[in-house]
Structures are given as C-alpha cells and as structure tokens.
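Assemble the whole structure, with the sequences as input and the hints as a guide.
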Amino acid sequence: MTDSKYFTTTKKGEIFELKNELNSDKKEKKKEAVKKVIASMTVGKDVSALFPDVVNCMQTDNLELKKLVYLYLMNYAKSQPDMAIMAVNTFVKDCEDTNPLIRALAVRTMGCIRVDKITEYLCEPLRKCLKDEDPYVRKTAAVCVAKLHDINAQLVEDQGFLDQLRELLSDSNPMVVANAVAALSEISDTSPSPAAQMEMNQQTINKLLAALNECTEWGQIFILDALSNYVPKDDREAQSICERVTPRLAHSNAGVVLSAVKVLMKGMEYVGMESEFVTTLQKKLAPPLVTLLSSEPEVQYVALRNINLIVQKRPDILKHEMKVFFVKYNDPIYVKLEKLDIMIRLATQENIAQVLAELKEYATEVDVDFVRKSVRAIGRCAIKVEQAAERCVSTLLDLIQTKVNYVVQEAIVVIKDIFRKYPNKYESIISTLCENLESLDEPDARASMIWIVGEYAERIDNADELLESFLEGFHDESTQVQLQLLTAIVKLFLKKPTETQELVQQVLSLATQDSDNPDLRDRGYIYWRLLSTDPAAAKEVVLAEKPLISSETDRLEPTLLDELICYIASLASVYHKPPSAFVEGQALVVRKTQLPVRSASGEPGATGATESPVPQQVQPAQQQQSVIPSHDTAMGDLLGDLLSMDLNPPQQQMSMTPAPQQDMGGMDLLGGGLDSLLGGPSPVAGMPASQASMGGGLGDILGLGISSTTYVPPKQVWLPASKAKGLEVSGTFSIRQNVRYMDLTLKNNAMAPMGDFAIQFNKNSFGLSPASALQVPSPLSPGQTADVTLPLGTNGPVQKMDPLMNLQVAMKNNIDVFYFSCLIPIHLLFTEDGQMGSASDRKVFLATWKDIPDSNEVQKEVANPNQLDPKGLSDKLQQSFIFTIAQRNVDGRDMLYQSLKLTNGIWVLAELKIQPRSPTMTLSLKTRALDVIPHVQQAYELIIANM
Amino acid sequence: MIHSLFMINSAGDIFMEKHWKSVISRSVCDYFFEEQQKANSPEDVNPVISTPHHYLIHIYRENIYFVAVCTTEVPPLFVIEFLHRVVDTFTDYFGDGGETAIKDNYVIVYELLEEMLDNGFPLATESNILKELIKPPNILRTVVNTVTGSSNLADTLPTGQLSNVPWRRAGVKYTNNEAYFDVIEEIDAIIDKQGSTVFADIQGVIDCCVKLSGMPDLTLSFMNPRILDDVSFHPCVRFKRWESERVLSFVPPDGNFRLISYHVGSQNMVAIPVYVKPNISFREGGGRFDVTVGPKQTMGKLVESVVITCAMPKVVLNMNLTPTQGTYTFDPVAKVLTWDVGKINPQKLPNLRGNISLQSGSPPPESNPAISVQFKIQQMAVSGLKVNRLDMYGEKYKPFKGVKYLTKAGNFQVRT
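Chains as they are written, first to last, in my numbering: chain F, 542 to 1488; chain G, 52 to 467.
Since the hints were made in silico from the structure, they are not lab data.
Nothing here was measured: the structure is a model prediction, and the numbers come from that model.
Incorrect hints may have been included.
Simulated crosslink set (EDC-like; lysine to aspartate or glutamate; CA at most 20 Å straight-line) [unchecked claim]:
(1) G:Lys365 x F:Glu906
(2) F:Lys825 x G:Glu294
(3) G:Lys89 x F:Asp908
(4) F:Lys748 x F:Asp775
(5) F:Lys1353 x F:Asp1297
(6) G:Lys459 x F:Asp594
(7) F:Lys586 x F:Glu555
(8) F:Lys619 x F:Asp587
(9) G:Lys89 x G:Asp64
(10) F:Lys944 x G:Glu335
(11) F:Lys560 x F:Asp594
(12) F:Lys576 x G:Asp155
(13) G:Lys386 x F:Glu906
(14) F:Lys869 x G:Asp243
(15) F:Lys860 x G:Asp281
(16) G:Lys224 x G:Glu446
Take a look, some chain G residues computed to stay more than 10 Å from chain F by CB distance [claimed, not checked]:
(17) Asn227
(18) Cys260
(19) Val298
(20) Gly336
(21) Arg339
(22) Ala432
Backbone N, C-alpha and C define an ideal beta-carbon position, used for all residues, glycine too.
Shown next as structure tokens:
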C-alpha cells in the first residue's frame, strides 16, 4: 500500500467527497481523509475550501492526525485568517500539554501561521516556552522568535523576546545555544535596527566555543558563522579562538569545514603575519580543502569558488596541491572551468611543465567552452611564468596545427597577449599565424590578428596585402575589427609610408565618411589631422612604446578580496561579489565584517593589532559617550583607500576630504553636468559625485543668497537618469517646524510609467532614517515630474560614514533598485534644545568649555560679508539653532559665546570674535568629536554668508 | 535559511514542493529551467543560481533536481549538505530516493521534510532520531496500522534528541552482539597514454555495522595511524583522544554508520593495481580498437568485477569487437562502450579488439576517448591501513568483531 492511492480520485466531486470523509465519525477514515488532503496540497492542488472541516479534526489525541492538521493549517491559514482563529484555542491548550513534544509542536506550528491575529495570541505561550524546563521546547521556541520577527519585527522588539533570546545564548544545552545563535543571526541579518544586532563579547564567545563541540553539525555551522563576525581583542584571543575551531576541520559535513575555514582565515589576519602559529595553521588548512574536492560535484563547485579566493589571499596553503585540481573528463562543466582557474593561479615555474601538459590535453576535449578556456589558460600561463613562455608558445603553435577552427581563433587571441607581454621575442611565428588568416571568423580573433599585423608590419613582407584583404569587407566587420583595422593601417603607413599611401587614404575615408559609428569617425579624424599636420608627432603618438600588460590582470582587487575573505562559505564567496551588491533589501545592512588594517608591506603591525584592529575606532570612542560606531561600510572603506592609504590616521582623512570638495564645486559651477559624468552606482565614482553636487550647492547659495530661517540648498541631481534607467532624482534637505525633510523631485525620463517607489537609507553617521514611507503619486508617467517630501527621523541605526556627512540612499521602483549618495548639510542636524544651560545660567557652558582640552579647539577665519553686528548675527544664527549663551566686549571686539547640539547628542561650543567693520571674524570651535568641526565651520560660513 | 524546496524530474515537472515559511510561487523555477536549457547535460547545471529576488541552490541526484529556494544570504554548502541529507534519508526510508519512491510515499516525505527543517533551520537529521519520530513504511506495519488504528508517528520524545550522545538511542538490546568494520578505499586516478600516473589519490572510509546492547564505549586502534592525516569523523569520535593518542574512541550509533572518511593525498605514492593498454586509432570512415587490461601491484590479490567503459566520439556509428573474456555492449545512442571483464587472470590477460565504423562523410575525430575502469580487490586496503585491535568498555558481554578490507576504483580514468 502506498500513498499514490491518494491521487487516484481526480473526479469533479473530489472536494465534496473529502468533505464527507472528514466529517466521518470513524477516526481511521478521518485520518485517511486528512492524508488525502495533504497529498493534494503537496502537489499544489487547491484544497483550501476544506479549511473548517480539517480544523475540526484538530482536537484529537492522535499525534499523527494532529501533525497532519498542523501541516494543513500552516499552508492555508494565510488565505483563511478568520478561520485560523478557530484553531488558536487548541494551540494555546497544547502549549500547556504535559508532553514536551506536543508543547514544542504547538509553538512551532503557531509560529508558522503567518496571520497577524494569531501572532497576538502567540506571545504569551512563546514567552513561557522560552523558559520551558525541557530543552527541546526551548530550542524550538528560539527558532519561533525568528519566525515571529519575520512576521512582525516590532512586536518581537517590544515584547522583549530579543533579550530572552540573548539569555538563551548561555543556556546549559548546546542545541538550545545553537538555535538561539541561528535565530539571532537571522534576525540581525534582516533587521537594520540596532536592538536586533547580536552583541559579541568575550563571554558570549566562550559560551559559543563551548557549545560548538557538543551541538549538531548544523548548529556548528551557525555558531561558526557567528564567531566569524567577532573581532578578537588581541592576537592572543584570536589565537585561542583559532585553536578551538581547528578540530572542526575534521568534520564530515562540508558546510562545517568551510565555515571553520572562514573563522580561521579571518583569525589569521589578527595574529602576526610571520608567526609560527600562522604557518602551522596554514598547513592544517590544506588537507580539508582538498578533501572537499572529492565530495559531490555541487560541494566541489562551492569549495572551488572559495579556494579561488583563498589561493589569492594565501597562495602558500595549496601550493603543493596542484594535482587535485586536474580535470577529469566526467566532471560537470562548472567544476571543470573553476578547476582551470585555480590551476593557473597555482602555476609556478616548478610545476609549469605538468600544467602545460594537462592544458594541452584539455584542449583536445569535446566541450567547446572548456577547450577555449584551456587555450586561454595556456596564454595566461605564458604571461604569468616568464620562463615557460617559450614552451607555452610552442604548445599554442601545436594547437594551431590541429586546424580546429575555434582552437585556432582562441590561440591567436592569446598569442596577441603574449606579444604584448614579451615584445620582439616570438615574431618568428607570425608566418604560421598568417597561414590561418582565412579561417578566422570571430571578431576577437580577427581583431587580434590585425593588431599583430599592424604592430609588426615592418617584418611582414605582405602586410599591406593582408590588411587590404580585410579592408574589402570593411562595412561588414564589427566595430572592434574596424577600429583595429584603422589603427593597424595607420601604423603600417607610418612604418612604410611610400607603398601604402593609397591604403591609408582609403581606410581614412571609409572611417570618416562612410561610417555612422562616432567612435570610428572620431578616431579616423584624429589620425587624419595628426598625419596631415605633423607626421612626426603622429609617429610618436601611434608608435609609442606601450606598457607591458601585467601578469595578474584577473586578480580580484585587494580590498574586495579582503572583504570576500570575510564572507567565505557564504553566497558572496560563490558570486565573488560583496553581499551589498546582490542581497536584496539588505543591500544597506552591511555586516560588520572587516579584516584588520595592515600596511602594504605586510608587516604584522603588532602594535596596531594589540591596540585596536580598526584604528578609526579609537578616537571618537574616547571623546564622547554618544559614540559614533566606526564600522566602515564597503563604500566608506573604498573611499578611505582612495583618499589615503589604509594606515593613515583618521585626522588626515578628514583634512583631505574638503580639498577635493572645493575643487569639485568650482568645476561644477563652470561646467554644469559634472556630476552626471562622475555619478554612478559604483561606490568609487559615487562619492566624488555627491561631493561635487554639494560643492555646487554651496556655490549656488553664495551666488543667489536665498534667505529663509534655515537654509535650503537648491535641489541637486543626486541620481542622473542615465544611471537609473530613466529615473532622475534631485533633492535637497530642509527643516520646517522642527521636522527634518528630504525634498525630492523625481522625474521619469524613461518611456514607460514608473510606480512602486520606496526608499531606504544606509546606516549613517547621524542615524537619519525615513520617518514615513515614500509617497509618490503613482504611476509616474513618462516625462512627468513629481515633488515629494519625505519626513526624516533621527533615531535610525548609526554608523560612522566617511565622509562624515555622507548619506547612502537606495531607491526602488518597479524597474530596479538604484543607489546614490548625498551629503547632509550639517545645520539640518542642529537641535532646538542646543542651548547649553540658559541665558542666565552660564556656568554649565563655562565648565564645559574648560573641560574640553584645548587641543580640541579649532580656529578659523570666517567671512562676514554683510558686516553684521553681534545682535544681528546671534538672531540669525539662533534661527538655525545656534544659540548665543553670552556676549561681551573685549578691547573693542565683540565676543559671542554660542552652543549647538547635534541630533546624536554631540555638543559643539563656539566663540565668535567680531572685529567691527572687518569683513572677517574668528570662529573658534570646541567639541569632543573633532570630526564634525569642518562641517560646523562650513555651516557657519553658509548661514552668515546668506544673511 | 532554506525557504522552500521544489523537486523537479527529468521531464521538467515540479512534482513536489514544500515551503517552510511563506509560499513562494513555483514560477521561481523558471530561472532554473532557463539555466537548465543552457546546459549540455543534466549534470552540467550550475548548482548556485541567482535570480532577482531569490537564490536557487540545487543538487542533482536520482535523476531529480532538488531545488532549494533561499531569500537571504546563506552558506551554500549548508544547503547542499542538507539536500544531500534529505535524499539520503529518502533512500534510507524507501530503499531508493527516486521519483517513484517519493510519489509512493508523499505523506511520509512531507512529514519528514517538516521534521527535518523548521523555519529553514535543520531540526532532526540523524536517521535514528527520525526513525523514532516517523516510522519507515513497510508492508507489515501498514497492515497492522489498518487493523489496530495505530499510526506511523511515535508520540514520545525521541530519546537521543537531547542527550549527550544524540546519535544513539537508549535501551538498545540484542541477543547477538556484533560489530563489523569495513575498510573501503577508492582510488581516484588519471593515467596518461604512456601508462604513467598523472594524478592519484585514495578516498577511504570505515563503514560500520554495530549491533551492541546498552551503551558500549569502543576503541579502535591502527597498526599505522600515520596514514590518516586528513580525516573527517562521525560526531561520535572523540577528537582529543585522536589528536593525542591516534586511536578512535567513541560510543557508536546503533546500526549502520560511517565512522571516518579519510583521504590519502597525491603526495604519497599510490600503488596502482591495474593497468590498461589502449590502442585506439581513427582514419577516414573507421578505426581500430584494441584494449588490454592487466594487474599491476595487487599484492597477490585477485582483481575482480572489472568493467571498462569508454564514451566514444559522436561520429562513431558502431563497433564490431571480440573480447577474449567477458561480454561487451555498445550503446549506439549514447555512444558508450561497456566491457564487463570479470576477474583478471594474470596468465591470460583479457583483451578486446576489433573495428570501429564511423558515420560516412564525417571526418575522423580529433582526439581519442578516455577510458574509465571499475574494479574491486577484496581483502586489501591499497593505502596499507590496517586495524590493530578493537576494545569495548562499559558493557560486560563479549561482542563478535569483524574487519573487512576492500579496494575499488573510484574515478579511475585512462587517457588514450
């Protein structure tokens, strides 16, 4: 007897029949009927009409029947929320059952019923179950918190379930600990709120490490992943974590092994580079990685993608293991291609002979993609290992002799690269290449061949004939080939001017007159002008010595690699992209994963490691209790790298920021659309763009002099239409009735209407977050513009950005998600309670002023173009929430003492010295958080200039 | 974590779906089908596919794609390992994990999936815990259940689930106490045309069948534990003891389980037990095929169950061959030649030779096909691993003990 009998009834009255059976008096019949219902549900048939009848069967002491009904409930409760309420009583009763299995089952099922009304009833039983005496119930309840969070995050936070969950981290039962970790990491992954983040301190780490040895394999994966997010305090701690995680490498579950590898790879970064510990650890890492390659192909694939990263970061680990990456003919293609990649990365002078022999073998396989990549690999070996270049070239020549079309074409493409790396070395083979001219039909191969002919025109007797033969079908060629042909003929002409004048004229006229392609036309004209005005200069330009191509073009960028190392074993490591680039909705929640900063020379930086792995963190932490946590996001990190090297102290970074800003502003005033040139989704380009637009904003204000209570800079284009599939976003910030707003103008430049707008902010320095959803009159038809005002809250998650005022925004519509960043004007963040003490009680101010060390005082000359008197100044400034506490006159100069407070609680104290009838004033600022000073200075200038 | 699971058969039908959170429309599988279209063979579909809103991670087993849908960043190996565990459980329950078996046991499959995963987190994946929760189907029980009205589900908490030894159930009792250990080693190798080894390594496992009453504590020691430097253990093995004394000390699960798996790397010399002398040549319209197999380093043991397969190029029309022993078949559709050799007699080496006919008009293939070889050698572990002794503590009775060795070919390829 099998379950397939449940599928035999496909008549129309099926539902009716089942209904009758469900209401039958016989228990057995009921159970059979529920089974039939479940079976139909499994294959996707709609049996929701039976809801009341099935729920009626729930009150039973038969566990199997109960389970089946629960299965049904989970599936259909959503579509019948009112009916589902009927089941609540039974659930609540079951949560009190004497059998822990039933208690656990009830709380588990309740969590799976995604109906708001039911979740309300869930809280009480869940709270009890989290404290249940039976660990089986506790561990089920832990997962249930994650379920509830998925349905209603606010409820979980309000009800204090997160704290209860954190308490479970120190539960006596390792399985409970593991589930609590899993639930907490899922919650912190999906929730941006700081309350949901998992705090890791030494104590929790010790508990996790203890539970690691005793929990199930899956629990081990969760715990290891959580451990990898922890930043050890010093190298001793890092070392002890590594030691306790190392035994996991011998686990039979590949997931455990790879997660352990992640913890160790990160841990090694915190231990001194040359230490013996790292050397031994590296040796221990090789065997488990190799073992992964004898598992199922899917496991191999994920392992290989990760090994690719590991090999780039620490080539020593697998340097002796080349052979395990040799390809077997029945490997799936995705494994073959990955193995090939790693073989090239591991190729050295010692093993190159073996590698080449293998690659040559692969080049005769059947799979075209694989063969092509193998041929390309031979070329990459030649470029990487100079000593082997000759052997590689002869291997390639052998392959060309096979006359297999796609092999020949691929070989020619890579030979071109070899020529670029080792010029004037292998020209002897050109004649062989020329023999295959006719068989080339792919643009890549044709372009490569033409490049070779042009580059070595003086050694090829019939170069002109060869190029002429290509010229015949000029218009049918792809652009790539056309461009290459143009350049090659110009090269030929410069080398042999006498015989080829006609040819060059022909190609120039083809390119400039008969072609519609602007690139081609422009290049044609440039050559033409060059040749006609100054042939000598042309020679210098066109035949200039070219830089050699580098051997490691395919390597990941080091900062990206470091980031990905933190994500070993995750999807990011398979895609080789940071999660922010692909995780939806979560793009802005960046996990605090970062490798410690190291100097370029690879010195262990013993002091750096012991003091703090992230130097930027030190300063703000000491200065003010309202700390700005400095977990750099990927973007901030990148920019940091751009502006200064990793190890530069933060002050330097700060001082460097304004410089480009001003430049940009100037350029923007002159040129206008600079931001559209610079702006882009890529983080590197995105930053300067936003600075540029802000700078431009300053310029505009200076020129226009708008006066209002607070300054509303004119709208800037934050997101050009070209970057956002036709959506243009411009905006500015304002403050009205003490509410901060982001004023946006959305313009639809696309052909289709847009709708479903939504907006989200990344964590930022001042915790700005949208206070309500984005209200866009939807749909936004093509060409239409919409002005939107978005109220902002200041209680969002805080993370120090670089530049400080940077705000990264994600905007979504029905087409895609777009990212841009803008600068928040700091005066927007001054609060109305920024008056320290009161006008009559100045002691607080005085005491605070004295309390802040003098080293934290920064002076600056500020322009006072309208030469306002102290009264006017303080009135004006007060409108922007800069409060005057005291005023006095010293030696004919007026001194204003002022205070302001930022939304995150940072106080800034100011002393303004005003010289009568002088166009400048001296502004001294004192605060514990030096980072904000340049911005406050700017704000002063702005406000005063616009009076 | 794992959000949903779809099972798709070779015809492209989604014949089973399970959602652990909200329901995800099965149209999400379209992305998978798209990827599948691009692949040349069913095995070639990339196991990790990203779509705009979901990540699809799948395994291909028993001619079924098991496609897991995830919505957040998850460790892909966790998903892959879990999926394999699901299929293993099916095989364990129903004898095989194929489509028919799943369809025949829909409700149990559904119950199992529900029990194995909760909200995307694994719950119970150990086979003996599951079997306590959900009894495997068998004809006798179905009859008994129908008569008595009892069910397949247990209503007690599985004992092992929370104990310190979750892999073992309590109160085990046998009349015959026995423990069998099978040391099985597979050779993965690539041999080149000239017969020299390009790459070879050994994947070894020790599979156990332990039927001992009570809570026995076993210690297994080896003559030469140095061979085992890259080992993965069953969770029951005490790692500290292994690190310090190089003995395996453990409380075994009840029944069949894999105690350790190990890997003897390519750094060590691997003694290749067989050789293949291929001689394949193509010319216009046809070709010659001549293959001889023989024993190499077998330490006097007999090489058995030898099977030679060779995927011939597409242009091969037919093959007309004569074996000196065994039987051969050529599948003209898949173009696969299979020669079932049987035992190798060192005095009279098996040989298969004859003519190849090609499709008329098509050019002869550029390269020769690779040959893969299967074989078994009883009572030999090719790595030289030897069990020294097995001791039992904690129980009084005298168990019956047995150790068996077996070497076989894993992925053993000869290039021609």
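Status of the hints after comparison with the structure:
{"no.": "1", "hint": "G:Lys365 x F:Glu906", "result": "holds (12 Å)"}
{"no.": "2", "hint": "F:Lys825 x G:Glu294", "result": "holds (13 Å)"}
{"no.": "3", "hint": "G:Lys89 x F:Asp908", "result": "holds (13 Å)"}
{"no.": "4", "hint": "F:Lys748 x F:Asp775", "result": "holds (19 Å)"}
{"no.": "5", "hint": "F:Lys1353 x F:Asp1297", "result": "holds (7 Å)"}
{"no.": "6", "hint": "G:Lys459 x F:Asp594", "result": "violated (57 Å)"}
{"no.": "7", "hint": "F:Lys586 x F:Glu555", "result": "holds (11 Å)"}
{"no.": "8", "hint": "F:Lys619 x F:Asp587", "result": "holds (13 Å)"}
{"no.": "9", "hint": "G:Lys89 x G:Asp64", "result": "holds (18 Å)"}
{"no.": "10", "hint": "F:Lys944 x G:Glu335", "result": "holds (17 Å)"}
{"no.": "11", "hint": "F:Lys560 x F:Asp594", "result": "holds (7 Å)"}
{"no.": "12", "hint": "F:Lys576 x G:Asp155", "result": "holds (13 Å)"}
{"no.": "13", "hint": "G:Lys386 x F:Glu906", "result": "holds (16 Å)"}
{"no.": "14", "hint": "F:Lys869 x G:Asp243", "result": "holds (12 Å)"}
{"no.": "15", "hint": "F:Lys860 x G:Asp281", "result": "holds (17 Å)"}
{"no.": "16", "hint": "G:Lys224 x G:Glu446", "result": "holds (12 Å)"}
{"no.": "17", "hint": "Asn227", "result": "holds (29 Å)"}
{"no.": "18", "hint": "Cys260", "result": "holds (18 Å)"}
{"no.": "19", "hint": "Val298", "result": "holds (15 Å)"}
{"no.": "20", "hint": "Gly336", "result": "holds (20 Å)"}
{"no.": "21", "hint": "Arg339", "result": "holds (19 Å)"}
{"no.": "22", "hint": "Ala432", "result": "holds (17 Å)"}
Comparing the model with each earlier hint shows a violation of hint 6 alone; every other hint is respected.
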